[in-house]
Each structure stands twice: as structure tokens, then as C-alpha cells.
Amino acid sequence: MQPQVRHVLHDESSTYSYVVWDPESLHGVIIDPALDYDGKSGRTGTDTPVQLLDIVEREGLTVDWILETHAHADHISAAPFLRERLDRPPVGIGEGIRVVQERFKRLFNLERGFLPDGSQFDHLFVDGETFRVGGLEARVITTPGHTSDHLSYVIGDAVFVGDTLFMPDAGTARCDFPGGDATLLYRSSRRLFEALPDETRMFILHDYGPNGRERRNETTVGAQRRDNIHVREGVSEAEYVEMREARDATLPMPTLILPSVQVNIRAGEFPPPEDNGTIYLKVPIDAF
205 MQPQVRHVLH DESSTYSYVV WDPESLHGVI IDPALDYDGK SGRTGTDTPV QLLDIVEREG
265 LTVDWILETH AHADHISAAP FLRERLDRPP VGIGEGIRVV QERFKRLFNL ERGFLPDGSQ
325 FDHLFVDGET FRVGGLEARV ITTPGHTSDH LSYVIGDAVF VGDTLFMPDA GTARCDFPGG
385 DATLLYRSSR RLFEALPDET RMFILHDYGP NGRERRNETT VGAQRRDNIH VREGVSEAEY
445 VEMREARDAT LPMPTLILPS VQVNIRAGEF PPPEDNGTIY LKVPIDAF
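In the numbering used here, the protein residues as written are 205 to 492.
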């Protein structure tokens, strides 16, 4: 029941991407892969996802899925780059992506050919759905709040929670993006606490090293339940919502939110090139 887990850190966005596999069959998945992107120049790079490929090659793995916990707002997905180099494993995300696509298609006034139906992804997971990672059972728990399409993946004795929870001393993710909801995030954290044993290993997507400590990416469900500074046992829903909404009002938007969302709702593909052969991303003025 215990998968092997390795991570790669995308330093610029403090994003942890994961390679997770069944040690017996050597079948695995990649979760939340990040592409390198320079927002100043608009140039992309592949140093970070190549590190994921290095793990796959070194361990002799077959990658069955590329999994996204949600349409990210702080980094661009490397799913297409990896897919082309790994015999085209399917890319999966939660079915809530349709709502996110509809919202941002309007915001960015995307081309008519962009359909907000989730068809850009190979599979849309529903709450409670199960699948296999080699000999390991995996299942999906929807965990909205940070975004409306957010979900978590349980693989054996490990859960990958994306942006729902940070390390216990960092609390929870923000809830002020379009479609975010602090009440839902509180309830999602409680759902994880109730659904999973305390000893379940929990792997997070971001860590910013609060109070100057070294960045970390692994904790347990029990540690979160006891010690999470925002949603530990004893914190009420009303207390959390008041704190979260007040805190979110002070936070700047992520540096890469505008390019990231436009690309990630397309499963990591950039928009089609215009008639001069160049690809462009939009910046809506005074829209946020």
C-alpha cells in the first residue's frame, strides 16, 4: 500500500511536482508538473520537467497518468512536454474544470474555437472515482475552496492535496481567486481529516518556508489535524472564514496568474498562433 514518491522543486514558484509509483510493477503517475516560464521575456524552458523525466528513466518507470490537482494560477503546466516524451499518457483533472474554463473564457475573451467542456483533457475525474497505479488503488476526493475545480489524489498510504493545505505551520491556501470559497476550503480540509487515517502521508504543492525555515513538502493527516495553524481541530468554520477572508484581502496576485490560467485551462497547451505565426497571451486591464 506504500507508493514510492519523489519530488522536483520548481524554485521560482515554490512548486513541488511528484513522481509516484508502485514499487512492484514500476507503473506510476506524475502529479502537477511545472514548466519553466520567464514572465519578463515570455520565454519557456524545460529544465524542471526534465528532472521529472530523469526520475522516470532512472527508476525504469512506465507513466500511466499525468494528474493535475486543479488549473494552477502560479505556474504553467508541463503536461504537454512530458506527454510527448512518455508515450502520451492521459492527462487528468477534476470535472469542475468546465466551470473554470467557462469563467476564464469570458474573462480573456478566448477564441470561438475554445470549448469550455473539458475536452482539452483526456479524462475528467469525479468525486470518489478510483483508478489503478500499478498494483496500488488510487481514488479521488474533491476538495474545492482554493479553486472550484480542486481535487486531491489518494494513492496507497499517500495523499496529494495540491493547494488545499500547506505545511501545518503555514496553514491553508488562499480562497480569493475567481471561484474560490473559504467555507468550502474549511469543509474540504475537514473532509480529508475524516476520510483518511492520521498516519496517511500528505504531500503538498507549495511551501514558502515561513519564518525562514527550510522548505518542506511532506507531513501527515494527523499532524495537520493537530497542528495546522488555520484549520486544526478546535477552529470553527466561522473563525476560519473570518481569518481567511481578512488575510486574503492583503495578498497580492501571483506573479504568473494571467499567463498560467490561460494555458492551464487548455491542459498546458498555449493558445493557437495568430496569422503571423506568433503565440500571444492576453492581459485583461482592470479585470481583477
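Derived from the structure by calculation, the hints contain no laboratory data. It cannot be assumed that every hint is accurate.
Straight line, CA to CA, 30 Å or less: simulated DSS-like cross-link-like pairs of lysine-lysine [unchecked claim]:
| hint | residue 1 | residue 2 |
| --- | --- | --- |
| 1 | K486 | K309 |
| 2 | K486 | K244 |
| 3 | K309 | K244 |
Have a look at the derived ranges for each label pair, beta carbon to beta carbon [unchecked claim]:
| hint | residue 1 | residue 2 | range |
| --- | --- | --- | --- |
| 4 | G481 | D431 | 23 to 33 Å |
| 5 | E441 | R247 | 19 to 29 Å |
| 6 | P227 | R430 | 38 to 48 Å |
| 7 | T248 | E437 | 17 to 27 Å |
| 8 | A453 | D242 | 40 to 50 Å |
| 9 | L485 | D402 | 19 to 29 Å |
| 10 | V254 | N480 | 40 to 50 Å |
| 11 | P227 | D380 | 14 to 24 Å |
| 12 | K486 | E418 | 19 to 29 Å |
| 13 | M205 | P488 | 40 to 50 Å |
| 14 | G317 | V439 | 21 to 31 Å |
| 15 | P227 | P458 | 14 to 24 Å |
Note that the structure is a prediction, hence the values are computed from the model and not measured. For glycine and all other residues, C-beta sits at the position ideal for the given N, C-alpha and C.
> Can you name, in rising order, the numbers of the hints this structure does not satisfy?
Replying inline: 4, 5, 6, 7, 8, 9, 10, 11, 12, 14 and 15
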